[in-house]
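*Asks:* If you want the building blocks of each chain, they are given just below.
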Amino acid sequence: MSKYLDHSILEIHELLKSKQITPLTLVKEAFERIEEEASLNAFITLNKEAAIKEAKALENMEVDNVLFGIPIAVKDNITTKGLRTTCASKMLEQFVPVYDATVVEKLHDCHMIIIGKTNMDEFAMGSTSETSYFKAPHNPWDTERIAGGSSGGSAAAVAARLVPFALGSDTGGSIRQPSSYTGIVGMKPTYGRISRYGLIAFASSLDQIGPMSRNVYENALLLNILVGQDRHDLTSVAKDPEDFTRLLDNDVRGMKVAIPNYFVSDIVSDEIKEKIDEVVKFLKSQGVIVDYVDLPYLDKAVTLYQIIAMGEASSNLARFDGIRYGYAVEDPKDLEDLYCRSRQEGFGDEVKRRIMVGSYLLSGENAKVYYTKAQQIRDDICKSFEQCFKDYDLVIGPTTTTVAYHLNEGMDDPLKSFLDDVLVIPVNMAGLPGMNLPVGFSKEHMPIGLHIIGNYFEEAKMYQLARFLEKNLALDLNPKEGGK
Amino acid sequence: MSTYQKTIGIEVHCELKTNTKMFSSAKNGYGDSANCNLTLLDLGYPGTLPLINDYAVTLALRAALALHCEIHREMYFDRKNYFYPDLPKGYQITQAKTPIGINGYVEIEVDGKPKTIRIHDIHIEEDTAKSVHQGNHSYLDFNRAGVPLIEIVTEPDMNSSEEAMLYLEKLRSLLLYADVSDCKIEEGSMRCDVNVSISKDDTLGVRTETKNIGSIRNVGLAIESEALRQEKLLEEGIAIQEETRRYDDASKETVLMRVKEIGNDYRYFPEPDIPKLCLSEERIRKVQEQMPMLPDDRKARYQALGLSDLSSSKLIQNKPLSDYFNLFLEDDIDFVMLSNLLLGDISFYLNRTMKTLMDTTLTKERMLSLLQHLYDQTITTKNVKDLLEEFLETDKDIDTICKEKGIQNISDTTLLSTIIKNIIEQNPESVKDYQQGRDRAIKYLMGQVMKETKGSANPSLARDLLEEELKKQ
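Here the protein sequences come in this chain order: A and B.
Position 413, counted from 1, in the first sequence is what the working numbering calls 411; the numbers after and before it change by one each time, with no gaps.
In the working numbering, each residue's number is its place in the second sequence (first place is 1) plus 2.
Just chain B, with the same shape it has in the complex (with noise of 0.2 Å):
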């Protein structure tokens, strides 16, 4: 085992969900055509002038007071000045003196134990167009140009791969319920960059900064492994450089991509060209009013409903079939078994036929329906399966569907007790075993039940007939 600390602060890029960009009334939207998505703003034209997304700016706000930030109340913003072809203006909007939220943190559990995670700040900024590299010839594509972003940066709080995970996992999960980012990372929509550095006391080592890692996964095993790199280099007595790096995932390492020269020199400066913005008391109020449920608050919410710490935990990974379930919180209804169905077998529909819930006609009252069905066992979990592609795909209700498919749900007792002897003349050894005391005997007659049913036996009728049956042998 190491006897370096590793000592990990994690910066990360987020795209807003908004129609429109940042500064521009351009579309914001990923994947169009290169170069469809952009007014002269967008690039650079001389004389244009910025203008404010106000939704973005309320999305921001919504991500800060997710993070638990203080706010800024009257915020400006700078200009970040570098060439880049990437970078029309010659310049970035950023907000570099007055983040709008600053002193936040994000809560995390490292093996069952809780851990905060304070975050520095969260600012705004716009996004830069994207370069493509083919050959000699390099294109721009300034569609992304001004895309709206927030930067939300941690203090050097993490110590371990394990934490840097969990806490992008959590931070991923508290921007998308805050439904202020879609946190797509393959698309881009959510850049992380980590900064390391290792020590053996008290005093921090010189940190290296890894920039645009495309995966959680990747982000763990690229600290593992420039922690690795450090502590070679240090045992050899040789001095850590500040630098910056990428991940490659291909070697599984990390690569230089250029020194930090001394003083990297932004030249920041307040943005003339937008007056100072002013966030109200009563406008902040509203935003966290409507904050929509985050993870946490959700998760207690399914444990008071009865759902175990699994199912809950599965529901808040998929955030449509959280907020599926969420439509239900004031109906009367069994909980657990609305958990179960959109877990087990909707889940295993959906991602066979690789749609979501919005493409099936699961309305919220085809699912009460649903559930009354099972609720009166007229219907049984196994009929469920069988009914459950056509009830998504069409409007028919369920008893139609039911006599069409000729499914039925056996509640007949004489029908069932006949079964049941006949299944009882032919295993006496079952019968013997259950005699004995054996409780497996019983699953396994029911087994029989069900199967010469082909699973329409109501099954606690089924099971309350086979009791009966058995106590008379």
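Isolated chain A, as found in the complex (with noise of 0.2 Å):
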């Protein structure tokens, strides 16, 4: 088999463009290794037949770009024209958009080619894609464990070396503990910086989507190309054309970094907090001034997410009634009882419960008690950050509180999935960018990620530390190769 998805995109684009391979190689690959790598369930949907025709269609074009030709993965909740896309749900089991999602657009317009869309948890609620209705998919590093959630899938087939690229989608850490959890660089942008166009809504107001990696760099080409304000998407945002690379190789002496106490309390397995100690023991030799800070109001983030969260997915998820699209009973007795069943049938369990408790907490008097509450801590929290970046340029901790645990552990206990992401759920509450950076891997040789956060807009800043770190720990992040 050829091992031409292990190089690096500079080096597959020096490839493709002297002719020696063409797309069709690299989809062919893909495929290849998405078959051998079966058992661990990152796809819903391959999209064999379109991607080899599109690949054979390139073979004639010009090498416009960097990412002319490159394979990617698409989470299952974005949608693809004509290509079924689920949620992870049965209610979308069979459901083929007629539209492209806006950044699907984006990828066609510099002739990236779709392998297939993948796993995730249900509706992207969840924080193991256990929630699946096409069953969990398993972390290349150990399948007995999870790859993290709700972009499982695309972590996992980015981690195992399936497809260079992925994109995912961080409603309270969905992009970020994944990568941490499989080893890869995770980027959630800024809110506003990736038109949600066609992103089938979890929670508007904190969705986001973002892209999965091998790499630091790779990962600032694919952000390159996905953002822009759209004009199908009042909340994505006008900025100046950006290239995110354009940091990488400068120096971070010099830089500050805050590190909220907060995330190396006790919520955090010991050997996490080594080795967030390990790295800032580094980033203090290199001349980076890292600074204990008190950050208030972040443990209260877990509880507004969920609020806010659930609130916001009862209602969008509303639509899901049976009449238009979707899963619909056969033989309904009245209206009430094609609502009633298509969605007891159609939804997991996971979807009804955060659609109850979202109902719940919106309802009557609720509203006022808890949402608009909400609301205002959550200001309270993005006054915070904003108070930290007058004097630092950016925020770090670990990704996660533990490394990946092991498939089926937290099911029993529907609390646990948000306990997962107390790290990574601030930032969606900010609007805030974060992304993941492997850093080493545990005793049990599982990655350990860290959490990068930067202030509005400060996406290639991020990029600038990340960067330095990689080049300087240079780990082995192929799982097949073994990890160092």
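One thing to keep in mind: the hints can contain errors.
Unchecked claim - Covered stretches of chain A (chain B as the covering partner; in silico rule of three or more C-beta atoms under 8 Å from a C-beta of chain B):
| # | segment |
| --- | --- |
| 1 | 15 to 23 |
| 2 | 192 to 199 |
| 3 | 207 to 220 |
| 4 | 304 to 314 |
These are computed hints drawn from the structure, not numbers from a lab.
Every residue gets a Cβ at the ideal spot worked out from N, C-alpha and C, and that includes glycine.
Taking the hints as your guide, dock the two standalone chains into a single complex.
*Replies:* In structure tokens, the structure reads:
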């Protein structure tokens, strides 16, 4: 089997340009790898026929950009025209969208090739991808373990080197946490950076699409083409075009970094804390100023998240009523029966739990007690970060409190999945950009991730620090080769 | 006479006159084939996001200003969540917390006395799809889904069906003149919900809501019938229930639709897909400046130009005529003559042919020429009746039409004198009456002159000649 997909994107680009390989070579290799690693269950739907056709069509075209002909996987909550998009739910098992999400159009514009739709938690609700109607994906580092969630399939696919890139979505850590569990680079950009048009909504005020990749440079390359204001999304923000790779080789000496004490408190496992300590020591030795700070309200973020995300979700998922698309029971007695049974049978337990809790939280006077109050404290979290960014360039900490745990371990505790995300959720609450960078391994040889948080629209600066660490740590992050 | 006092509040939904929908680029069109005017958003398709129709916001702002509302400078939208097949997203986007306008008012005149109806708020929202039920099947037409609406909510300031109807007439005319809606109740572009309660003292009774009443007249009938129903119940010692009713045109009664459940729970929360909208002072000022002339201003202006109260009101009742009239406001013309023409022969022609002024060739220039001919007395108002059809349907000028039709205005003194002399000879009784000072005699004789000349006699000339001749007798 060819090994082109183990090469860097720049190397592949040169091979394509010099016609030593064609996009078809890459696409075929990707499908071979997926087949070989089928037990990872990273994909829900493969786009084999169309991908091969597209690859062939590219053969006579000029290789006009660095992402030309590169295979990519897309999380299954992002609409792809003519390609089934299930949200890992029985509700949308047969749903074939008639339009492409804005990000998918952008992938097409630079002739990237969509290989398939990746597994995830149902409607992105979960942190292990175990709520998927199509069963959980597995972690390539230890297939007995979770790949994290909700973008678990995207993370597993990139980590196992099935594809060099994947798109994920992050509502409360869903890009960063699985990236940490599987040892890849995952970026949740600033809210509004990337159009949400075509992202099937979970919690609209938190959802953000982002790139997942094997390394920092390639992550920045993909982000370059995903961003931009979209006339289909009023929450997308107009910004001057920028090259996110521009600061990668800059020195980090003198950079000021804050670590909130909460991020290294008792909620974090010892071996992760030790790894973060090592990183901090290294950074200090390289002239980076690192201070431990108190960031108020961080500990409230999970509660706020539950209120806001579930409230919004209960409303966003109301449209799945069995009338216009999606799962509908046959021969309903009446309208009420059509609604009740279609939703009862079409949604899984976690989704129903969140819809019920969300409906309760918005109900009558509760809206004031919970939702309005949560929004107020959310503002306080924003202010707290704003204050911190007056003095610091970046905020860092661990991405997760533990390394990836075993499948089925947390299934009986509905709160566990939220607590897994306790370190990543505050970033969504504030709408800030956050990313995961692999910085080492646990004793059981599972990846440990560093969480880097930037000020609004300062993704380039985050990449700068990440690239500096990546270069110096020089980890082997291919699970096949053992990872040292 | 009932000892109960009625208290009435009214909610009006009005479709805005936009080209496209409130949150999508689909056409806003009434009467098109079912499910033609829609985008994926209007079907609540997964992954779609709402946009904002800026012109709809301008129209809503204009309506709010026309109703003297305070404007929310910083507003956002809310989601109203409920399940119904005509609601594709499972929620309606509306403004629950920051309606575009609050604390406004509408002035009406009840038995010659002014009364103020306070407006609680006016807010922007989207219309639902339309369900059509046939036998065992229900069909959905999404053309209406997402059409921009404003909802105008009054305080409970009305105490009779007359006041309610006067308020609705006034509101309708305000919205028509502000050019924000075509306010066609029969097509559903204006819909009225009425809250009625009755009480013997100052405390408010339990109210019922009668929804979607099909005409202003029926609003009056519904209020009367609902108040009567409530009175009967109270007299029998039965408490009124808070409920939603509808007006049945056939039985002329209100009919129960559903009893309101405790705490109707729409789970409102701010729409996260639409950022806060800020209305700048400049934008508000601009909309105020560009406000079309509203009915009360028009009436004052018309009366200042010499039109009677009745003519002014009649003109204002017909917006196209009033708008046409306004084209001449800066001209030096006989406005009473213009109004008489518009309300008289021209309205008669338009009604008979089911046309609008737009369908005729009556440009401003042609109207000015018609007025000039009348003013010069080169034609008579009788002539107008004969030449009008041709004048409104072709581009021919008045002189050409007169020539072709043989219409002439006899201003020839000798010819007229001869005719008058003949008439006097044939009507000795009337001459006697005249000599005895009876006024109607001269009217009768003038009539004879006009009859003889087929209406072509120059009236003032003929009258002068007739009086001259009579004095000689």
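*Asks:* State for each hint whether it applies.
*Replies:* A quick look at each hint next to the structure:
no., hint, result
1, 15 to 23, "violated (count 0)"
2, 192 to 199, "holds (count 6)"
3, 207 to 220, "violated (count 0)"
4, 304 to 314, "holds (count 4)"
The structure fails to meet hints 1, 3 from the earlier list, while all remaining hints are met.
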